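Whole structure, please, built from the sequences with the hints as guidance.
Protein chains: 2
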Amino acid sequence: MNDRNTERMVFLEREIEHWDRRTDVLVIGLGCAGACAALEAAATGVDVLALERASAGGGTSALSGGVLYMGGGTAVQKTAGFDDSPEEMWKYLLYASGPGPDEAKVQAFCEGSLEHFAWIVQQGVEFKPVFYPHYSGEPPNDDGLVYSGNENAWPYNEVARPAPRGHVPRIDGAAGGLLMRTLLSRVEDAGIQVLGDALCEGLVQRDDGSIAGAVARIGGECVSIGASGGVVVTTGGFINNDEMLALHAPLLKRCTFRVGAEGDDGSGIRMGMAVGASTLHLGMGSISLPVHPPKSVSKGLLFNRAGQRFINEDVYMGLLGEHVLFRQDGEAYLLFDDANFVRPEIERDLVAVGDTPAELEAELGIPPGALEGTLAYYNRNAKRGEDPLFHKGPDYLVPLETPPFGVFDCRVDHSFFAAFTLGGLRSNEKSQVLSGSGEPIPGLYAAGRATSGIAAPGYSSGLSLGDGSFFGRRAGREAALRRA
Amino acid sequence: MNDRNTERMVFLEREIEHWDRRTDVLVIGLGCAGACAALEAAATGVDVLALERASAGGGTSALSGGVLYMGGGTAVQKTAGFDDSPEEMWKYLLYASGPGPDEAKVQAFCEGSLEHFAWIVQQGVEFKPVFYPHYSGEPPNDDGLVYSGNENAWPYNEVARPAPRGHVPRIDGAAGGLLMRTLLSRVEDAGIQVLGDALCEGLVQRDDGSIAGAVARIGGECVSIGASGGVVVTTGGFINNDEMLALHAPLLKRCTFRVGAEGDDGSGIRMGMAVGASTLHLGMGSISLPVHPPKSVSKGLLFNRAGQRFINEDVYMGLLGEHVLFRQDGEAYLLFDDANFVRPEIERDLVAVGDTPAELEAELGIPPGALEGTLAYYNRNAKRGEDPLFHKGPDYLVPLETPPFGVFDCRVDHSFFAAFTLGGLRSNEKSQVLSGSGEPIPGLYAAGRATSGIAAPGYSSGLSLGDGSFFGRRAGREAALRRA
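As given, the protein sequences belong to chains A and B, one line each in that order.
Mind the numbering: the first sequence is residues 421 to 904 in this note's numbering, read in order.
Mind the numbering: the second sequence is residues 421 to 904 in this note's numbering, read in order.
Keep in mind the hints are simulated off the structure, nothing from the lab.
This structure is a prediction, so every number in the text was calculated from the model and none was measured.
The C-beta atom is built at its ideal place from N, Cα and C for all residues, glycine as well.
Errors might be hidden in some of the hints.
As the list claims (entries may be wrong) - Which stretches of chain A does chain B cover? Using the computed rule of at least three CB atoms under 8 Å from a CB of chain B, they are:
1. 428–442
2. 451–463
3. 601–610
4. 692–703
5. 751–758
6. 803–813
Structure below.
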């Protein structure tokens with residue numbers, strides 16, 4: 421077929437002389453969301469075809485830490501000794517995923533989490549039911565449960581009963597790889613056809629606005645593929661598209677490390693826009709500022725360029741990064757005294773050392789007396805076991821009084837920050853993609869980071885694989901049912 | 421014609437059996453941007469039709485303070501004694517309109533500002549060449565020049581030579597009304613047909629993606645209008661659409677006062693999205709926290725709920741509002757001592773009075789000692805004429821030591837904040853509307869708050885009428901030229 425409309429990223433059905441291929445459900449992008457969409461569609465008995473621009477499936481999911489945000493009282497949570505419920509999970513996520521959380525999505529995600537956990541396990545993904553307590557985020561061993569957000573930090577711990585919900589597949593590190601090997605193996609078992617090196621160039625739209633299929637470049641040829649049930653877009657975010665970042669999320673460009681496979685260039689988001697889809701929260705991102713591990717780093721004091729504290733130091737690295745980048749102009753520092761000195765495992769420059777706060781201020785260009793006042797106030801209260809400003813947890817609240825003092829660099833332009841995008845196509849709780857007027861575009865579904873998911877802003881780790889797998893399944897199922 | 425596609429907000433040209441009306445340039449929405457688009461198109465000799473959903477033109481522009489952001493050395497600036505240049509204007513706007521300013525738009529806007537000023541004057545808009553010094557924003561008299569941004573506040577005053585660029589039409593108050601009466605009178609003189617009570621329901625798109633016209637409901641009837649040159653969307657922002665706010669800019673919903681005519685419901689933005697247009701910065705807004713006038717309010721001390729200062733108190737009310745809403749969770753307070761006490765002209769509750777900071781802390785629920793430390797540090801430096809944290813200007817830097825102290829409420833949920841949206845369709849410096857892949861959608865133009873303009877974030881007052889009129893003219897001209 422001709423390809424004159426590739427710049428527009430949309431083709432009209434009438435332009436398609438004949439479909440080079442036909443299927444019931446066409447999945448574009450075979451990461452975690454795409455694999456789950458394909459599996460769930462295939463389970464209904466329809467024909468499923470998955471396209472992957474790389475030579476094989478996996479995508480960013482395979483490169484990730486493999487954390488899946490699930491809860492409500494899973495077997496893993498129970499065995500590890502945690503009491504969780506769908507309602508507590510909902511309270512946390514609704515509070516954390518704001519402002520402006522998608523209440524319908526959060527509700528569906530929490531109500532369906534136990535069933536989703538069972539389905540994931542059924543696919544062959546194993547979790548060791550042991551809690552890893554030493555810090556939040558992916559454990560260095562095969563423990564299966566971690567805090568992956570702010571559940572146990574103030575004020576979140578007052579809003580909902582804390583429970584860890586980061587479920588990590590059983591392997592020593594690189595759990596994302598294991599997760600994807602397992603899911604892709606199920607895709608193969610299910611007889612789902614996967615075409616690699618297949619780059620989708622645009623959706624095919626009917627006169628009534630519905631989606632009839634897609635056009636892809638496969639092995640140098642332009643191939644039209646009709647999809648009687650629908651097309652599921654699971655192409656990932658756009659952290660590797662400089663132009664889209666500059667337009668929509670310029671601050672994310674400042675982060676030194678971009679979390680994403682090469683194909684995370686927003687192609688699916690742009691294809692969706694070309695057929696009239698709405699986007700949401702394109703400026704948002706997950707910004708990790710990993711000062712932990714070790715967790716004892718939380719005993720330090722974080723301050724901004726005015727020498728002020730601005731957050732409890734024991735919050736999750738995602739919230740910390742978001743605050744520093746979006747609220748503190750990307751500038752923060754982390755102070756220890758000699759008695760509590762600890763080096764963050766992920767290397768960070770020691771930018772100032774001195775026997776007094778005044779020496780540190782001079783070295784850092786912080787206004788004289790500003791840090792001194794901050795530290796004095798902090799110590800005065802810490803001695804009483806209080807942090808009246810930000811309510812840091814008691815395990816980490818110690819006075820910092822023993823010289824010399826050392827300061828680590830937490831500035832975005834000078835130290836390690838990791839980012840990926842959280843904005844994308846607007847989809848509803850059925851994974852239907854919505855137009856600007858809020859109506860579903862018939863035949864178009866999406867999940868994973870091609871969409872704006874559960875949290876943007878207010879990210880907790882595991883939500884991308886979590887909502888990607890959850891709403892990926894829904895996308896596959898809805899597209900399959902539509903074919904009937 | 422039929423109207424089955426109104427939910428989609430897009431019609432296909434082939435569905436249009438015949439055009440009920442034809443014109444060369446169709447302008448949708450007759451505020452400042454629309455009037456300027458219509459005038460410039462008509463000046464080329466083509467046929468122009470303007471639709472306005474209200475009974476007559478004016479829109480939000482007519483309700484506004486009438487400030488037009490122009491500079492580079494206008495006659496008004498010169499006579500009032502200010503030295504400005506396109507380059508200084510460019511330096512300021514590029515720095516202020518970030519992160520991620522649209523450099524091409526800023527450049528065009530600054531390079532063309534002198535010509536644009538001359539054109540505005542040529543339309544019959546008069547400016548008294550007198551600078552109003554007493555505060556920033558619309559003057560209470562007929563003075564024609566004001567600071568309407570952060571040009572003279574730190575750090576902006578170090579980036580570019582400060583010059584006021586807010587040009588205000590000559591009338592005592594309600595200058596926006598005068599501006600629009602003048603422009604609409606020129607529209608009438610030019611023989612441009614205006615249809616009131618005409619609500620546009622969607623754009624008409626050809627198979628190749630270009631825009632052929634629009635469909636409007638006029639007097640209860642669905643009317644198709646062909647536009648050989650193009651359609652110019654100047655429908656305003658979406659501050660009066662609760663659903664769009666909740667989705668895209670939820671924090672703006674917390675602002676007590678919404679700046680916008682009833683029709684600012686984002687209809688043009690949604691129509692654009694329906695034909696594949698990209699949007700930009702939908703989460704951004706102009707957030708005014710008008711603690712001035714009088715300007716002497718800047719002698720007070722602004723603090724957050726942790727009792728910390730967070731900004732120089734002499735910044736423009738737009739930057740202040742943006743910081744409080746987006747960075748301080750909407751919570752701020754303004755403190756005076758007895759010697760410098762002044763009441764903001766726009767009423768604000770006095771929420772605490774006390775002889776010591778400790779009393780204020782107790783009344784406000786601020787952590788004990790936090791405000792005390794902040795005030796002591798501020799006073800110590802102010803006595804030396806220094807504000808090392810935020811560099812407030814010397815005119816307002818006085819110690820606050822004379823009890824009793826009073827604190828005004830500057831919390832978004834409890835006091836006056838004014839907001840309108842700054843995000844919208846993505847357009848380029850020619851006012852062409854761009855698709856998700858960055859290509860112009862042929863025949864579609866937009867300007868004013870239906871687009872994301874010069875500043876989002878980083879708003880200075882007068883930029884909406886400023887970029888609306890400037891890029892409105894470009895939209896009209898480009899559409900007219902395309903007809904040839």
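Status of each hint after checking the structure:
1. 428–442: holds (count 6)
2. 451–463: Violated: only 0 residues of the stretch 451–463 of chain A have a Cβ under 8 Å from chain B.
3. 601–610: violated (count 0)
4. 692–703: With 12 residues in contact (Cβ-Cβ under 8 Å with chain B), the coverage given for the stretch 692–703 of chain A holds.
5. 751–758: violated (count 0)
6. 803–813: Coverage by chain B holds for the stretch 803–813 of chain A (3 residues, Cβ < 8 Å).
The structure shown violates the earlier hints numbered 2, 3 and 5.
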